[in-house]
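Undergrad: The lines below spell out each chain.
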Amino acid sequence: MTFKFDANRLVAVALMVLGLIMLLASFQINLDPDGGQGARIFPFLASTALLILGCLELKTALSKTVEGESSVFSSKRIKQMLLSPILWMSVLAFAYLWGIGKFGYLLSTAFVAPIALWTFGVRNYIGLLVGALLCPLIYHVLFFVVLGVFPPTGEWFDLLTVITGE
Amino acid sequence: MEIFTSLVTVLTDPVLIFYIFLAAITGMVIGAVPGLTAAAAIAMLLPLTFYMEPLVALAFLYVIGKSGRYGGSIAAILFNTPGTAASAATQIDGYPLAKQGLSSKAMKVATISSVIGDFTGEILLIVGVGTIAAIALKLGPPELFAVYFAAFVVIGSVIGKSITRGLASAAFGVLVSMIGLDPISSEERFTFGIFELSNGVGLVPLMIGIFVLGEVFAQLEQKQTKVKLFSEPESANDKARNQLTFKEYKPCIPHAIRSSFIGSCIGVLPGLGSAVAAFIAYGEGKRRARNPEQWGKGALEGIAAPEAANNAVSGPSMAPLLTLGIPGSTIGAILVGVFLIHGIQVGPTLFLTSKELVYNLFAAGLVGILLYGLIGYFGASVVGRFILKVPTNVLYPIIFLTAFIAAYSSRGNLFDVYVMIIAGIVGWLMRKFDFNPAAFIISFVLASGAEETFRQAILLSNDGVLIFLYRPVALAFILLGIAAIFLRVRSLKKQANHEEQSFESAK
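The listed protein sequences correspond, in order, to chains P and H.
Numbered according to the working numbering, the first sequence spans residues -3 to 162.
Numbered according to the working numbering, the second sequence spans residues 4 to 510.
Simulated from the structure, these hints should not be mistaken for lab results.
A portion of the hints provided could be inaccurate.
Pair ranges (Cβ atoms, derived) [unchecked claim]:
1. H:G286 - P:L125: 35 to 43 angstroms
2. H:F7 - P:T44: 49 to 57 angstroms
3. P:A91 - H:K392: 25 to 33 angstroms
4. P:T157 - H:V18: 32 to 40 angstroms
5. P:K60 - H:G415: 45 to 53 angstroms
6. P:T157 - H:I6: 47 to 55 angstroms
A virtual CB, placed ideally from N, CA and C, is assigned to each residue, including glycine.
When you get a sec, could you build the whole thing from the sequences and use the hints?
TA: Below, the structure written as structure tokens:
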């Protein structure tokens, strides 16, 4: 008998793995000086609950038959996942954050705004250019000038320091 | 009596009135955009409120929540796309009316019923909250923990298709809230050697990730369908047909009143929310209606019932939050964050420490209802037209970018932005695999209070966890939680059997 993975089984296994990791991590929490469970008890209970719920989920998932085509590891599914706009948007999100850390807020936003607009289907080049210029400007004025939030500075280069001359 | 003094305070403060007005419009617009919810709007706007006075901040977000619930009906009636899950019931009769060229009349019924429902809920909250708070003050740690336990179980199990995934969402929320230093012993928990995690995971970036970025991902995955606005009556004859007379609304009044009470009762229970209230009220209204055959084909009563119930949830859902510190909804969970940011501890002592603030908030809620009612009655179609002019392919990238700066602004920390992105991916996965993001967030907020009361109860006890069985109130709430799971399993089994039978008979 071969064990086929479908989404439900994968979810169940993911829950069990997460529950197990958290359970093991809860044992790393030191006990109280008097030996009481204190800081450990709640994390222990919650991770045990997650592990048990994962087991129940797996039991339910195993009771259902899996069609051969529905395997989450089929080449078609993997290709779909790799081409998914969500994966692309997630990569863009992390890249944007990295960019803010290295090049400051203004430059990163000017770069990412048109890419985000493009991802959602905007194909007008003037619109993309306007987005690249207006987004950093409006957000900067609203959050860093009006609200007085301290802007994140770029480690390698920051356009804001060039503009303000500081 | 406090409410009258508070009403005077609110009505004589032009800044507060301005923000309530702004919130009424903002909530209505966001609620009417299909896919965007009031919770997402509140999460995104939360950092802006850090710089406001506590009352202004709370009133602004509270009224957005109220008018956002109402805004869903604009999309349901005018676009045939429910703006929120709760307004799906309104769509059943709203769409046929709009097809008959009576969209303005349908909107007027929805507005009046929403206002009746919301006022009823708010007044019941004002009248009852003091009593609940007085009772809550008498509860000790074992009873309070039992209430938390029941809340976790009800929130996790009642909503959604899967009980195990709902409860897993709640357990995961508890685990994420445990990250950081233990508040009593300062022991590190689940930090995995990452220094930034010592401060714990921030509520604001977590909520922005789950509700805002998660929604952006979900919208990106969905194929955008072009929505069409039903044309406004232009000829004198059409305008006359769209006028709502008292005679026409009169049969809706009993439905609006009954549904307001249904919504208020459901609102007090944590986790159930507006959608459940709207559908129960619709079903109950149809059962009692004199014209049940008209329901679903464009009955005005079919709009009045769900709209009144949907909005009546808003006020009473604040009762467990203000008296016990238990948010009954995602909006409630966000408001807990606002209270904490402004140094106000929600829970049984709130009425001793900040009674004036609470009543001022209620008064702001009443003014907000009146304002969104007036704006909606005279300008719902303008809001609908405005939304159609904002292309979603521009709106969602803007929301995507706003999520980053909003998450950063909460503590001026780029690590919070990492948290927001991860929460966004988790939120999207939760929606995709039928987990319950609301249960996750509410449990995240509840966990610290639950842990504190649990540990206090154990310290009080000579028999360990048996203290929860010896105290009758605590035992009653624990049994309530267990009963909630049992009843939910039974109802899901019944539903599955019914579907199986329908499938067999269709073959």
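Undergrad: Would you list, in rising numerical order, the hints stated earlier that this structure does not obey?
TA: Of the numbered hints, just 1 does not hold.
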